[in-house]
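*Asks:* Top line first, the protein sequences correspond to chains A and B.
Be aware that the first sequence starts at 1, since it is given in the numbering used here, and climbs by one per residue.
Be aware that the second sequence starts at 1, since it is given in the numbering used here, and climbs by one per residue.
Among the hints, a few may not be true.
Over the 12 angstroms line for every Cβ pair with chain A, so calculated as not near, a few chain B residues [said to hold, decoys possible]:
#, residue
1, Asn32
2, Cys119
3, Glu169
4, Arg177
5, Asp274
6, Ser280
7, Ser321
8, Ala365
9, Arg373
10, Gln423
To give an idea of the interface, some chain B residues facing chain A are shown, with a C-beta separation under 7 angstroms as derived from the structure [as the list claims (entries may be wrong)]:
#, residue
11, Val21
12, Leu41
13, Val262
FYI, nobody ran anything at the bench for these hints, they're computed from the structure.
Nothing here was measured: the structure is a model prediction, and the numbers come from that model.
Note that CB positions come from ideal geometry on N, CA and C, so glycine has one too.
2 protein chains.
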Amino acid sequence: MPAAAVAAASASARAAAPWGVPASATARRTVNPIRALVDGLALEPNPDKPVIALSIGDPTIFGNFGPPPEAVAAVRESLDSGRYNGYAPCAGYKEAREAVANYVSYPNAEVEFKDVVLCSGCSSALEMCITALCDPGQNLLVPRPGFALYRTLAESIGVHIRSYNLMPERGWEADLRHLEQQADARTAALLINNPSNPCGSVWRPQHLRDLLQLARRLRLPVIADEIYEHLVFPGERFVPMASLTSEVPILSCGGLTKRFMVPGWRMGWIVIHDPIGAFSDEIRKALNMLSQRTIGSNTIVQGALPAILENKHKTFFEDTSRTLQEHAALVFGLLSRIEGLRPVMPQGAMYMMVGLRLQDFPAIACELTFVERLMAEESVFLLPGQCFDFPGYVRLVLTAPPEQLREACERIAAFCLRHRQPQPATASAAAD
Amino acid sequence: MPAAAVAAASASARAAAPWGVPASATARRTVNPIRALVDGLALEPNPDKPVIALSIGDPTIFGNFGPPPEAVAAVRESLDSGRYNGYAPCAGYKEAREAVANYVSYPNAEVEFKDVVLCSGCSSALEMCITALCDPGQNLLVPRPGFALYRTLAESIGVHIRSYNLMPERGWEADLRHLEQQADARTAALLINNPSNPCGSVWRPQHLRDLLQLARRLRLPVIADEIYEHLVFPGERFVPMASLTSEVPILSCGGLTKRFMVPGWRMGWIVIHDPIGAFSDEIRKALNMLSQRTIGSNTIVQGALPAILENKHKTFFEDTSRTLQEHAALVFGLLSRIEGLRPVMPQGAMYMMVGLRLQDFPAIACELTFVERLMAEESVFLLPGQCFDFPGYVRLVLTAPPEQLREACERIAAFCLRHRQPQPATASAAAD
Ligand SMILES: Cc1ncc(COP(=O)(O)O)c(C=O)c1O
Ligand SMILES: Cc1ncc(COP(=O)(O)O)c(C=O)c1O
């Protein structure tokens, strides 16, 4: 049948049926695993207890964390100057990109403004990196447990996810053997997230070096999600991936979001590290082209970036990391005492993973039930590990004020005490 | 060969060659036709004349247009409130979406907050609409001449472009017969841009009705790019597509960018009009899911949206449209007197298309050469029609101050006078 006839036939077929516009395959493939899981849970709180939501990775919601006043002042000045209302170049104003380049340059990883692409938040940076490096049908290696957006972004464009295991008992370091087994000829890139959401782990330089060594051997470019850079507890040290290699091409993704406590500002960036020229002009051009699809990020914030990033915000950053450590220590102390829970102490970011010894709770089949029942009985809301592809754990957000954290831990303790029925050792052995 | 062996073989093959990371097919398909064309031109200005760039669709660059002070004040207030630093829902704060719903509601097309998805600029709105409606291999109908981003966005995700002709001699109305010929069984949507970039045309309601009638008959959902809404000259009237139909599903894309003179703020939106339920939950969900890939738009501007959109800005809007009309009339008057040019008077937006009677300029093969030579000799920079898929024309931006517009027109006049060699009627007939 000639094309015109097909069209005509199909048009009249269309005309007969009620008009329904289908969503594209891309849209149908775009899934938010957290939303999908959480929407499926029964999450009615106990009406007698106020809800404590330790579920959302937004440090500003409790009112105790907010941006440094100097950063807000810089945005006000940028706005009032009237100079930043027009279009910026898609990759950002030169001065803003220069400010980021200075901010992320290290002795072994110096970058220039042309290595920086500003994006609408780190999410957009990740989207552009994944889209630039991966073809449909290829795969991307991501950590498990890991941030759910990696899956959303990859699967949306038909890229498969392969997860490599992190080991809770070894400070959430990656299982390198398992990682290597996941890689194949269709692997387009290795995604590394340090410091980690949901683990709060901050990896030793030697572990990062081992990962880079493996990336080099497998010839995998690295996407380093470093949105929690510098958000580490006192005494810990954040080391950027790029400062540890002169051989592996890295796209490092960062932004103001977490360290500056301004998720809503949507200011993120990609920094291109290309020590051996493996990315060459091609990836640089790819990222620039992709940035033209949506024309970059808010210019008022861009206009403020030099002032925001040049200021050392010493007290602010010190306060933040001390406070987060205090919160982590408080929660860790309280939860460690609870039989049936295995909290893992973080070194940074704003999260803690807590393992559940489910065999101690016969009425609780999995961590989803734990989350539902805890909400129903104690009005404490945690995210189930399945949101991060890691069943058997729950994730707590550490940014709530200490009183709320303490109260939440006490409620969790009461809950666990109520439900715990440790199996006698023999019975448990028999059940295995 | 088992998968592991393939991987190993390919890994060792990889290890032998120098490490080059290829860009994805998506990135390679992502082309900005304007950039590609303009980068290919020789654009050295005449060193003795200051450059007048009438090429960029950014009304703020000359300093004579800027946002209403009340809008800036609203953003300052939003910033200073400290309430808008956290994450908003991906589709935007409810109050901000409600403000847009009120702003775009018409007696025959009332919408609610849930019909609004806030996006990072209208570009992002268009990206989401095209991605939600079109599958790779399908096609999208777009106007010719038209805004180049439609092609960039569609081809980036493997969607083909089919252009329908606009007719300069009929106020740039669409050639409905030609449009219908372009549609086939693989057509996913009809994109309509009114008021138009690059034409500056503002269509009569009857023409919009005819287009809707056709969309209905062909069963094509409409993407209405209405980023220039209300930006029409005194006496003209902007009529939103959605107010004219109770039968065609429409995704209307808009934003603050043009009318409020704030392209850099990146505040755009999609408004879902679904009078017969053809989009149903599916497209709504698709747009919401796609908005989760990059988590929406800047929250400080969102916090200011209710104040910005409730204010009528009467004087500001009246001044803008009067000024733009004065500029258009000035340029039209001056260019109409130049032999060899056929300017087309716009009714809105901020552009004018000018036809070149190329047979009058024997040394100028096409409008690209016209643009290059005009720059080389007179330091006036216009965009060639090919940037909008419409050779033989050039596009002027009308936002420059009147003195610069006048000076530019005088230089264009001198240029045309110098190069014009009208062919005797017989010779021209023979050449046909
Ligand atoms: C690991 C990780 N990467 C990226 C992001 C996204 O950051 P943004 O809000 O800048 O898009 C988050 C946000 O929670 C995150 O946890
Ligand atoms: C017709 C048209 N649509 C959309 C846009 C993009 O608008 P925004 O800057 O809000 O992304 C433009 C910008 O010039 C335009 O001319």
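*Asks:* None of the hints should be skipped; say for each whether it holds.
*Replies:* Hints and how they fare:
Under the 12 angstroms C-beta cut-off, the non-interface status given to B/Asn32 relative to chain A is violated; the minimum distance is some 5 angstroms. The non-interface label for B/Cys119 is inconsistent with chain A: the shortest C-beta to C-beta separation is roughly 8 angstroms, within 12 angstroms. No beta-carbon of chain A comes within 12 angstroms of the beta-carbon of B/Glu169; the shortest separation is about 28 angstroms. The Cβ of B/Arg177 lies farther than 12 angstroms from every Cβ of chain A, with a closest approach of about 14 angstroms, so its non-interface assignment holds.
Not every CB of chain A is more than 12 angstroms from the CB of B/Asp274 (nearest about 9 angstroms), against its label as outside the interface. Annotated as non-interface, B/Ser280 brings its C-beta within 12 angstroms of a C-beta of chain A; the closest such distance is 6 angstroms. For B/Ser321, the condition that its CB be more than 12 angstroms from all CB atoms of chain A holds, with the nearest at approximately 19 angstroms. The Cβ of B/Ala365 sits about 29 angstroms from the closest Cβ of chain A, beyond the 12 angstroms cut-off, so the non-interface label holds.
Under the 12 angstroms C-beta cut-off, the non-interface status given to B/Arg373 relative to chain A holds; the minimum distance is some 27 angstroms. The claim that B/Gln423 is not at the interface with chain A holds, since no C-beta of that chain comes within 12 angstroms of its own (minimum 41 angstroms). The beta carbon of B/Val21 is positioned within 7 angstroms of a beta carbon in chain A (closest approach about 5 angstroms), and the interface hint is therefore held. Hint status for B/Leu41: violated, given a least beta-carbon distance of 18 angstroms to chain A, over 7 angstroms.
Residue-level restraint check for B/Val262 holds (minimum Cβ-Cβ distance to chain A is 5 angstroms; threshold 7 angstroms).
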